[in-house]
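Undergrad: Residues per chain, in single letters:
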Amino acid sequence: MRANDADVPEAQWIREAQQGDPVSFGHLFDRYYTMIHSFAYRVCLSESDADDLAQEAFIRAARGLSGYQGSASFKNWLYRIAHNVIVDWQRRTLRQRTGNEAFTGELDRRSQERPADYHDVHTALQQLPADLREAVALVFFEEMNHRQAADILACAEPTISWRIFRAKRLLKKQLQKTQPEAKVYGR
Amino acid sequence: MDDKELRDQLRKLSIPEPSDTARERARHRALLAFQNGGAENKASDRPWIRTLAWCSGTTAVTLLAAILFLRSTPKVEIDSLAKDRETLKQTEVLFPGQLNALIERDGKIRIELADRPSSPNDQPILIQFKQNGRSFRVLSYSGRRVCVEVNGKSVCFEALVTGDSTVILSGDNFVWNSQNPTALSGYRVEARVLASTL
Numbered sequence: 001m002r003a004n005d006a007d008v009p010e011a012q013w014i015r016e017a018q019q020g021d022p023v024s025f026g027h028l029f030d031r032y033y034t035m036i037h038s039f040a041y042r043v044c045l046s047e048s049d050a051d052d053l054a055q056e057a058f059i060r061a062a063r064g065l066s067g068y069q070g071s072a073s074f075k076n077w078l079y080r081i082a083h084n085v086i087v088d089w090q091r092r093t094l095r096q097r098t099g100n101e102a103f104t105g106e107l108d109r110r111s112q113e114r115p116a117d118y119h120d121v122h123t124a125l126q127q128l129p130a131d132l133r134e135a136v137a138l139v140f141f142e143e144m145n146h147r148q149a150a151d152i153l154a155c156a157e158p159t160i161s162w163r164i165f166r167a168k169r170l171l172k173k174q175l176q177k178t179q180p181e182a183k184v185y186g187r
Numbered sequence: 001m002d003d004k005e006l007r008d009q010l011r012k013l014s015i016p017e018p019s020d021t022a023r024e025r026a027r028h029r030a031l032l033a034f035q036n037g038g039a040e041n042k043a044s045d046r047p048w049i050r051t052l053a054w055c056s057g058t059t060a061v062t063l064l065a066a067i068l069f070l071r072s073t074p075k076v077e078i079d080s081l082a083k084d085r086e087t088l089k090q091t092e093v094l095f096p097g098q099l100n101a102l103i104e105r106d107g108k109i110r111i112e113l114a115d116r117p118s119s120p121n122d123q124p125i126l127i128q129f130k131q132n133g134r135s136f137r138v139l140s141y142s143g144r145r146v147c148v149e150v151n152g153k154s155v156c157f158e159a160l161v162t163g164d165s166t167v168i169l170s171g172d173n174f175v176w177n178s179q180n181p182t183a184l185s186g187y188r189v190e191a192r193v194l195a196s197t198l
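In order, the protein sequences belong to chains F and R. The first sequence begins at 1 in my numbering and counts up one residue at a time. The second sequence begins at 1 in my numbering and counts up one residue at a time.
Wrong hints could be hidden among the right ones.
Calculated cross-link-like contacts (lysine-lysine; reagent style DSS-like; alpha-carbon spacing at most 25 Å) [what the hints assert, rightly or not]:
#1 R:Lys130 to F:Lys173
#2 F:Lys75 to R:Lys130
#3 R:Lys130 to R:Lys108
#4 R:Lys153 to R:Lys130
#5 F:Lys172 to R:Lys4
So the derived label-pair ranges between C-beta atoms look like this [stated by the list, open to error]:
#6 R:Asn180 to F:Trp162: 46 to 52 Å
#7 R:Leu113 to F:Thr123: 57 to 63 Å
#8 R:Gln128 to F:Arg147: 24 to 30 Å
#9 F:Gln12 to R:Cys147: 17 to 23 Å
Worth flagging that the hints you see were computed from the coordinates, not collected in a lab. Think of the CB as a built atom: it goes at the ideal place given N, C-alpha and C, for glycine as much as any other residue.
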């Protein structure tokens, strides 16, 4: 992104892109691709799947941009598209795999080079159902409140609160199991 | 483990930067979807737009046919295009193989030169950018890279002429062609080959 791009109001890019301007759409892509890729990675826990999911999210955004009316922020609108893409991915994954394998993202080559702590967290997140992982991704990593997360995931706010509660319980249990107590408390 | 410790633990999940290959592939495919599907969806989402587009299209075709019937390319335009071709040719003599573009805006002409001479020049092209009475023109050759400032943004592209004399502008984020013209940053674009037979 060029330096002066930061000065251009996002609303202008959106308006121009809705009028068919590919350059403005390219700017929106540049601004949000990494964010959507990170969200996808935190849910699917696989770099190659995150590549595919982020790509699919932007393809759908490109096709549906004319329908964006500004009732939600553009960022949240993209998150919602990414959530729909992830839901479709989960359905496909469920069909292709069985039982507990369903949501255990595979450690790909680059992630195998990371430190042990990374693998503990990765493993703990793998144990969560995907709907809890999505809630964790938005609330813990993107630091959204439960209301915002509920809007994106198209569910009620108490549902998010319940998912976060369950996710925290499961994650703590899993991390305490994989890490000796001294490792968790001792530093 | 309390919530704070849990958050600290979760932060250890460093997020990998998406690879350049994945990013470029995603950008390319999204832009293709934007240019192919986006426009179709825009019209199909609202039936009245489709009707309006159909009526406008019919009117435009009728008007175009009438104009073509009444007169072919006006002499003034032919003179202007011949003048553009001559200007480009004369400038090229001064900077052989280095002339990327002549950009005419607000009565001033800017010369865009490449760092070093390249292969002999191909077909000359005229590209016009128009928006609400404002306009500027670019004279260039097929295969040359041109950068222009549009609404405060630098937009770079290569202008290419196909076998059937269609002009394509291939940018970092877009592909424009004279068969299926789209607006660029709010500007309507017109491009044509400055054929020597004019």
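Undergrad: Run the distance test for Lys130 (chain R) versus Lys173 (chain F): straight-line Cα separation, threshold 25 Å.
TA: violated, 64 Å
Undergrad: Does Lys108 (chain R) sit within 25 Å of Lys130 (chain R), going by the straight-line distance between their CA atoms?
TA: holds, 16 Å
Undergrad: Could you see if the CB distance from Leu113 (chain R) to Thr123 (chain F) stays within 57 to 63 Å?
TA: Holds: the Cβ-Cβ distance is about 58 Å, inside 57 to 63 Å.
Undergrad: Between the alpha carbons of Lys172 (chain F) and Lys4 (chain R), is the straight-line distance 25 Å or under?
TA: The hint holds at about 11 Å.
Undergrad: For the hint 17 to 23 Å, verify it against the beta carbon of Gln12 (chain F) and that of Cys147 (chain R).
TA: holds, 20 Å
Undergrad: Has the given pair, Lys153 (chain R) with Lys130 (chain R), been kept, meaning a C-alpha gap of at most 25 Å?
TA: Distance of about 16 Å is within 25 Å: holds.
Undergrad: Falls inside 46 to 52 Å, the C-beta gap from Asn180 (chain R) to Trp162 (chain F)?
TA: holds, 50 Å
Undergrad: Gln128 (chain R) and Arg147 (chain F), beta-carbon distance inside 24 to 30 Å?
TA: violated, 50 Å
Undergrad: Do the alpha carbons of Lys75 (chain F) and Lys130 (chain R) lie within 25 Å of each other, as the hint requires?
TA: violated, 32 Å
Consistency note: the structure conflicts with the earlier hints numbered 1, 2 and 8.
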